[in-house]
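Engineer: Quick one: dock chain against chain with the hints and give me the complex.
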Amino acid sequence: MIKSMSSSVSRRAVLIGAAATAPAFVLGHAQANALPPGAVNYQDTPKGGKQCDGCKLFVAPSSCKSVTGAISPKGWCKLWVKTE
Amino acid sequence: MDVKRIASALAGVLWLGSAGWQPAQAVPSFARQTGQPCSACHTAFPELTAFGRRFKLSGYTLEGGDSKLPPLAAMLVAGYTHTSAAQDAPPAQNLRTNDNAALQLATAFYAGKVYGDLGAFVQVTLNPVTKQLSFDASDARYVTNFKLFGKDAYFGIDANNTPTVQDVWNTVDAWAFPQLSSGFAANTVPGTHIGALAQRVGGAGAYLWWNDMLYAELTAYRGYERGTLEAFGLQPGPNPDAQKGVIPYWRLALEPHWGDHYLMVGAFGMYGQTAPGGVTGTGTDKYTDVGFDAQYQYDGDPWSVTVKAANTYEFQRLDSSFAQGLSEKSTGWLNSLKISSSFVWDHTYSATGGYFNVRGSSDAGLWGATSLANSPNGQGLVFDLAYMPFSKGAPGPDKAFNVRLGVQYIKYLQLYGGTNNFDGLIGTPGAGGTHNASGNDTLFVYAWAAF
Chain W
0 MIKSMSSSVS RRAVLIGAAA TAPAFVLGHA QANALPPGAV NYQDTPKGGK
50 QCDGCKLFVA PSSCKSVTGA ISPKGWCKLW VKTE
Chain L
0 MDVKRIASAL AGVLWLGSAG WQPAQAVPSF ARQTGQPCSA CHTAFPELTA
50 FGRRFKLSGY TLEGGDSKLP PLAAMLVAGY THTSAAQDAP PAQNLRTNDN
100 AALQLATAFY AGKVYGDLGA FVQVTLNPVT KQLSFDASDA RYVTNFKLFG
150 KDAYFGIDAN NTPTVQDVWN TVDAWAFPQL SSGFAANTVP GTHIGALAQR
200 VGGAGAYLWW NDMLYAELTA YRGYERGTLE AFGLQPGPNP DAQKGVIPYW
250 RLALEPHWGD HYLMVGAFGM YGQTAPGGVT GTGTDKYTDV GFDAQYQYDG
300 DPWSVTVKAA NTYEFQRLDS SFAQGLSEKS TGWLNSLKIS SSFVWDHTYS
350 ATGGYFNVRG SSDAGLWGAT SLANSPNGQG LVFDLAYMPF SKGAPGPDKA
400 FNVRLGVQYI KYLQLYGGTN NFDGLIGTPG AGGTHNASGN DTLFVYAWAA
450 F
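Residue numbers (numbering that gives the first Met the number 0), protein chains in the order written: chain W, 0 to 83; chain L, 0 to 450.
Next up, chain L with everything else stripped away, as it sits in the complex (with noise of 0.2 Å):
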């Protein structure tokens, strides 16, 4: 039972650390250089608008703005988190086992023109609760245009740390709704490969972006190693895995458009191989994800709609983990659906629905410390409410400083294959109610303040 509780609380610890930080790319020194407001490329920030999406595209370099201020920018998120049922222990030091508020995060960018072609969106991101400063999810690319077969094509050359920060639509995993959630929230469901090397790699690829609408692209990235991953404030452990050989990850898209209705099809993968614990000599898992994703997009005026969906299906063979005995099986899989659609009225006010589910292979060595039924399975709903009043310019000097107010909720329907006591532990002294899934549906009120 101890074991159990250890890996309950680290699931927590796991979703502190991925799932409650999600980049951000509403960038005010964006809106600064462009001499565009916020909704311009933004329907909802950070949800992208068409044209949002074709400035990351042509290299964050488009210019128009008047200011002369180089592209730094900030910002802060504040939240008050509830969760249904009072967690076994505080989620972070300092804090309660419900209903924390607290500052979430406080993050510094260099967003925008580095210099001709060259444009760059990094973040260094302070956790004001833990005190650690982390090089959060960034990227950096040098883009060229030329014509061919007659039509106006991109071609670019990217750096970053996180699979998927590079793409420009909000179906895959780093721009996925929510983009943003709680850092205190408890337990929720297991993800795949690609979301899990956020940040913990580095990689460098090329895409072409052809005639206003087909994009391929392709990346290959490295693990980082323990000391880097220190370097870069991810508290790694004494014993991180290890991302072995390159890791490649590839991309296709085809978004043509009608007037103001922008239609995305699309499909990625990677894959990756990881040496649990960075023990040698038992070979290494292996994660091929093979995704599909599609969004349609009314980018109107004065309001629009995108409607998202993303399915991965994640292959894995657990060489290392079955030879350590880290799993019952040697091959397994995962599948992780999320959908998602918003309405957003005049760049101002905007209303979110969202479903996931994830599937998976049961496995007693995986899944057995959180699930009694040795199980990944879960699913939920998320509902966001937001107020944006700056979209359009806000008053005073900074014409580029927002800000979103919102009301956020996640009702978990399952987690880890059951709906009551699914780890078991409900009984055992000092176990409350996040052990049942609905324990863990949770309320997050949040202003999210970008300059």
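Next comes chain W alone, as it looks inside the complex (with noise of 0.2 Å):
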């Protein structure tokens, strides 16, 4: 009896747990080997005369093949590698 309450109890609140939490997860997959820009200390300016538009990691316009979201050309981080 103990245990059937218990069960039901739990998968009830599983069931509300999962209502609650659905809208804070957005899936996404589109760069997951990536970090976000705050990992890598990203800003959107220079940094002694290197800038992304002249880092290997860069992609053209606006983003990075390690770096997550927009970035800027002339931006960089502390991945920054020069072009070969």
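Read the hints as simulated data drawn from the structure, not as lab findings.
You can trust all of the hints, since none of them are fake.
Computed from the model, here is a short list of chain L residues facing chain W with C-beta under 7 Å: (1) F50; (2) T60; (3) D151.
Backbone N, C-alpha and C fix where the C-beta goes; we use that ideal spot for every residue, glycine too.
Structural biologist: Pasting the structure below:
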């Protein structure tokens, strides 16, 4: 009897929890292997003469192989690697 | 006295089997895959930068490099070990009781992206001295990302064989300073259950890394059977301890950062049940480990500073040991504190200092063989200076090649509850000076190459 009640409550709790948290999740898989800008200290301005359009990871006009989101050609982050 | 001598030798072997062979995550295949130099992920390898932590958290799958090679790499460590006093017996066959120069380990890695969002850090290590090949500390993880409450979130599923190898901070057992030490030194301090399970369990778990700040993980382990331990090269002997039931491990950490300043405060823990010697019918010993850790890192350019501290408290309920007559009491405790700080200039020169302190309940059965005071208590200092000339790229075809040339000194202030004659063996035939705490002071000069 206790087991049955516990099972019922547990199931209801799971359903309520799922309904409550569903809007919080936005699943996306566009750049699963890239990092968010904050994780690599991305900034919209150059640093020490280095900027994104001179980096081999930059993908014109405004994205990056390794960093998610819109990337400014004049930006900079810790992953900056000189174009060969 | 004979029993004490055997136990003392066994303690030395355990030291060789655990602390001397730590995992290493300075892997050139990661550098080839990402197109980044070693310095992107490491302040001074193997210690991780903020980006190194995020590369690992996102599943070892980040790309950007031009290399078409499979994610294979290798590592060699050679060293010269001098202890303040000669050991009673050579630490391994073909070695001397002191002043040993030897190739300490050779490791092969499969480290990097496997497919899609699946990445791995798998290593097989050869001990060239004992000719023993073993399945070293490894993990594989599948990571996906999404938005949670409007913030970036990474959800990972991880499988590994060493509790804490999956961690990204250099505070926990698998990665705590010193990450490399001599495999041929003498006695050292005992450790907690989390460290004792390294490579002896298999586990799977899940973690969440949210808002580039919050880390939460739960992993469940099971102990390997004797046959598996043998297959993985761990030389378990005829009656290895049996790990019973599921062993849960949990981890929470918060890492806010302000520019290049990263602060982490965290907690972790584990509950494990062990049947010493695999004996059945006497119940199990129960270990509950609870740890707190913190790390501050200035991840700047051209220099960085990392300060770390971890304290693990272990509650011991020793039902099986007590019933078997292996322990004097049925309960006990052990506390392990590790503090260290490193300064690194331009990812090339590093200076690190550390302090370790182990305290625990006295027990004639558990510690009497190595301690006159029946005590596990010990403390000491560790210093390490290293030079890594190729962290920003090596000359030649393989820019990811790196080498670490270092000098390390461990100063023991106390061992097994004493300073002089801590195990009461001085005066017995053949007993040398390593029965004084200072006799175990160890100078280790090493060359660590990764390619």
